[in-house]
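Number of protein chains: 2
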Amino acid sequence: MTKNINSQEEAVLHQAKISRRNMLKTAGVGGVGVLLGATGLGGLLTIKEGKANSTGKKDIIPFYGNHQGGITTKTQNHVYFVSLDVTTSKKEEVVKLFKDWTIAAALLSEGKPVGDLSSNEFLPPKDTGEAEGLSASNLTITFGVGPSLFVKDNQDRFGLKQKQPNELVDLPKFPLDALEEAWTGGDLCIQACADDLQVAFHAVRNLIRIARGKAILRWAQTGFQRTKQADPGQGTPRNLFGFKDGTINPDVKNEKQLNEHVWVQPGDGPNWLVNGSYLVVRRIQMFIEVWDRTTLKEQEKTFGRYRDNGAPLGQKDEFESLDLKQKNDQGEFYIPVDSHTRLSHGDGSQRILRRAYSYSDGMDAKTGSFDAGLLFLCFQRTPSKQFIPIQERLAKMDKLNEYISHRGSAIFACLPGVNQGGYIGETLFN
Amino acid sequence: MTKNINSQEEAVLHQAKISRRNMLKTAGVGGVGVLLGATGLGGLLTIKEGKANSTGKKDIIPFYGNHQGGITTKTQNHVYFVSLDVTTSKKEEVVKLFKDWTIAAALLSEGKPVGDLSSNEFLPPKDTGEAEGLSASNLTITFGVGPSLFVKDNQDRFGLKQKQPNELVDLPKFPLDALEEAWTGGDLCIQACADDLQVAFHAVRNLIRIARGKAILRWAQTGFQRTKQADPGQGTPRNLFGFKDGTINPDVKNEKQLNEHVWVQPGDGPNWLVNGSYLVVRRIQMFIEVWDRTTLKEQEKTFGRYRDNGAPLGQKDEFESLDLKQKNDQGEFYIPVDSHTRLSHGDGSQRILRRAYSYSDGMDAKTGSFDAGLLFLCFQRTPSKQFIPIQERLAKMDKLNEYISHRGSAIFACLPGVNQGGYIGETLFN
Ligand code: HEM
Ligand code: HEM
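Here the protein sequences come in this chain order: C and U.
Under UniProt numbering, residues 1 to 430 are what the first sequence spells out, in order.
Under UniProt numbering, residues 1 to 430 are what the second sequence spells out, in order.
Hints are computed from structural coordinates only; laboratory data are not their basis.
Take these hints with a grain of salt, some might be off.
Stated by the list, open to error - Incomplete in silico selection of chain U near chain C, CB under 8 angstroms:
| no. | residue |
| --- | --- |
| 1 | Leu-123 |
| 2 | Thr-128 |
| 3 | Gly-129 |
| 4 | Glu-130 |
| 5 | Ala-178 |
| 6 | Ala-182 |
| 7 | Ala-230 |
| 8 | Gln-234 |
| 9 | Asp-292 |
| 10 | Thr-295 |
| 11 | Lys-297 |
| 12 | Met-363 |
Note that this is a predicted model, so its numbers are computed, not measured.
Built from N, CA and C at the ideal position, the CB exists for glycine as well.
Working from the sequences, and respecting the hints, build out all of it.
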């Protein structure tokens with residue numbers, strides 16, 4: 001609570017500095033001391049239900065439930081992904097943060113503001129307002145915790161060390177990794193996905209605001225896909241290399257597959273993560289100018305699929321199961337040995353739920369080319385048996401490596417969902 | 001033409017290097033020499049009509065016409081803005097570029113690829129493919145030329161010096177400007193707006209690809225607004241400070257107003273720009289964390305409008321004309337003397353067509369806060385009588401300056417539109 005008052009004080013001092021004269025005039029009170037007194041009562045960050053701003057129920061994805069949204073949810077048009085570092089050293093403040101976040105996220109998911117849109121003379125409005133009047137836009141908010149929340153610089157920061165899963169450790173360094181601090185790691189993550197970027201931004205911004213004094217932004221990355229409106233047929237979206245991306249994925253309607261590949265199961269590790277999932281994030285730059293100078297044939301051999309319809313080479317239909325044995329007249333495999341499809345598929349037993357978005361961050365100042373690529377997000381039950389062995393194969397000999405570079409990386413345990421009344425993280429912190 | 005062949009050569013050499021073995025095998029030919037010979041015939045960048053990929057006519061904005069699109073066009077959901085520098089020293093190559101761009105832009109505006117999606121053994125596909133299957137998404141492409149296209153380092157680069165309008169000169173340095181090279185200036189610009197970011201990106205990428213050997217990327221900036229889907233009522237969009245932004249603007253349906261404030265008229269300057277318009281771009285960072293710590297009252301006094309409904313302070317309706325004389329009980333103007341609305345309005349005679357988008361570029365590494373703000377785009381007939389005097393007033397005493405910082409700036413003359421058969425820029429280059 002001390003911290004909370006501190007940040008309110010700071011906020012009021014700031015606003016007092018820049019607008020004291022007006023405020024005092026209007027409020028008709030005698031000095032900053034009185035203002036501070038007033039804020040002690042108000043509770044800047046107390047979250048309560050605000051005025052609804054949803055235009056309908058049709059684009060609302062329920063926040064509460066057995067699992068968090070944004071994992072098996074049909075991919076929305078945009079993602080706003082942020083990694084945060086915890087700045088408080090008190091466990092109860094982290095708990096308070098997750099409680100406040102839970103309530104706020106539930107409101108946001110319904111297209112509601114995180115608190116009153118109006119405000120009194122002394123305090124900033126509780127909601128930042130830019131999503132006022134907008135629909136929920138299928139917003140999902142997914143929270144995760146990184147390895148460094150448990151142990152950092154050999155410190156058991158919050159007494160959670162014995163709860164850290166063996167699977168929740170920094171990823172190994174893969175050959176060719178060119179990671180930068182600026183997009184790597186983090187104690188916590190928030191993945192906000194929505195069909196409207198302003199709605200996703202609003203969510204993240206207000207959640208970070210609530211974290212004031214407890215956690216700060218570490219890195220942020222937006223991503224996009226073709227919109228549903230531009231592709232009413234809802235084909236598999238294409239990545240920035242022009243290929244259909246997301247064809248082979250566990251079936252999100254098939255509970256058995258999800259329990260096998262995506263949701264952490266009892267006995268996998270500490271029980272607090274059961275019904276949660278591990279998220280691996282990779283910010284992968286794609287050298288589109290280089291790609292654009294290669295032939296279609298070369299491109300298709302790189303992926304092992306046709307660009308036009310997404311079918312595996314030598315086959316007809318996008319969704320046909322791969323025939324990895326089929327050879328052409330020259331006795332070569334249709335799907336080359338160093339192709340991305342063959343290598344990522346492996347023997348087919350390691351499956352991850354990919355939920356990637358494209359990104360485009362203006363120009364890469366170093367090279368003068370686009371800084372564009374894939375914000376690769378994938379969910380899984382056991383990283384050491386899924387993402388890691390797949391990426392080991394890819395890093396070793398994927399033909400795609402000539403055209404991409406891994407620039408950022410992080411791993412998070414995405415917490416199980418909660419029912420109304422509970423809070424995200426309760427199984428971990430209790 | 002020489003240059004063109006050079007870039008083809010380069011492309012082929014590159015692809016030969018990385019995939020020669022495969023290519024030769026497949027093609028069954030004897031060496032790189034043959035490949036080069038082949039490309040000499042093909043014409044990598046010859047644009048011709050490709051297979052349609054539009055799903056319908058409803059979201060197509062015609063490319064040809066008296067004026068370019070993207071100026072009076074209803075603001076789309078996304079913008080992809082790029083500034084380019086010309087690298088060739090030959091005027092005929094610049095002319096060729098604009099001719100190729102015109103044909104490509106007309107195709108793109110109809111949701112079509114810029115050339116065959118398939119390719120032969122030797123050449124990259126003409127279109128990069130990521131918009132295949134997507135609708136036109138109301139794409140508009142707007143081309144402009146900057147002061148440095150005419151004269152750079154005191155050089156009359158293309159013999160156009162005597163055609164440079166007095167109005168097309170670098171903007172003066174305004175007080176508080178904190179411009180960075182990374183978002184400033186440029187010989188040419190392309191503003192691609194669409195309801196789908198992937199469609200806008202695809203357009204810009206393919207246009208830049210066509211420019212290979214003639215012009216290169218200087219800087220790029222994406223922007224967004226709330227989508228039409230999230231706001232079916234189509235109210236004025238809100239900026240990242242939560243306020244309605246775009247209320248007062250010339251009426252794009254009113255030809256008289258447009259001729260007065262937006263379109264360059266005969267006699268204004270050189271005739272080649274008649275029916276064109278000057279674009280001023282400012283990349284303005286908004287310190288949202290600071291803003292979020294101020295009271296609603298303070299925020300409303302900063303703009304001189306209510307956040308909730310956008311009405312001027314002391315008034316009821318968003319679209320009421322400003323009452324700048326009205327005072328409150330304390331004898332103060334409702335719309336403060338240092339408020340953004342009062343200062344930008346001035347005496348109401350200087351009007352610009354604002355067409356701004358929000359941007360959000362992850363974290364500002366220097367401060368740890370969001371790098372977010374406004375990509376301010378405005379069109380006008382005479383910058384010296386419109387943007388410049390307005391910005392002089394704002395820079396001097398706008399209360400908003402406590403929360404923003406101008407980080408990038410450029411000015412371009414957006415060329416008049418053309419009819420089918422003509423090319424963008426023909427009035428300038430002929
Ligand atoms: C920029 C980087 C990448 C691009 C452009 C890319 C693109 C693709 C494409 C086009 C496909 C074929 C269509 C499909 O099944 O979706 C594919 C498949 C796949 N990719 Fe990637 N990918 C990238 C990185 C990765 C990474 C880092 C991993 C994991 C380590 C990965 C794992 C997979 C898997 C598991 C499949 C499905 C394989 C199968 O069972 O058929 N990809 N990818
Ligand atoms: C981040 C920077 C800026 C923000 C957040 C902002 C926001 C706003 C808002 C909320 C309004 C009131 C509603 C409306 O009429 O749209 C407004 C009006 C206006 N702004 Fe800005 N603005 C910014 C920068 C600028 C700049 C750089 C200029 C030009 C130099 C400008 C020119 C205007 C004009 C001409 C009006 C309409 C004034 C009237 O006639 O009522 N703004 N702006």
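Hint-by-hint comparison with the structure:
About 6 angstroms separates the beta-carbon of U/Leu-123 from the nearest beta-carbon of chain C, less than 8 angstroms, and the hint is met. Taking 8 angstroms as the C-beta contact cut-off toward chain C, the hint placing U/Thr-128 at the interface holds, the least distance being around 5 angstroms. The beta carbon of U/Gly-129 comes within 3 angstroms of a beta carbon in chain C, closer than 8 angstroms, and the hint placing it at the interface holds. A cut of 8 angstroms between beta carbons decides the hint on U/Glu-130: the least distance to chain C is about 5 angstroms, and the hint holds.
The interface hint given for U/Ala-178 is broken, as the beta carbon of that residue sits about 18 angstroms from the closest beta carbon of chain C, more than 8 angstroms. Contact between U/Ala-182 and chain C, as hinted, is supported at the beta carbon level, the nearest pair being about 6 angstroms apart and thus within 8 angstroms. Interface restraint check: U/Ala-230 against chain C, minimum CB-CB distance 4 angstroms, threshold 8 angstroms, status holds. For U/Gln-234, the shortest C-beta to C-beta distance to chain C is roughly 10 angstroms, which exceeds 8 angstroms, and the interface hint is violated.
For U/Asp-292, the interface hint holds, the least distance from its beta-carbon to any beta-carbon of chain C being 6 angstroms, beneath 8 angstroms. A distance limit of 8 angstroms between C-beta atoms decides the matter here; for U/Thr-295 the minimum to chain C is near 6 angstroms, and the interface restraint holds. Taking 8 angstroms as the C-beta contact cut-off toward chain C, the hint placing U/Lys-297 at the interface holds, the least distance being around 6 angstroms. The criterion of a C-beta within 8 angstroms of any C-beta in chain C is met by U/Met-363, whose closest approach is roughly 5 angstroms, and the hint holds.
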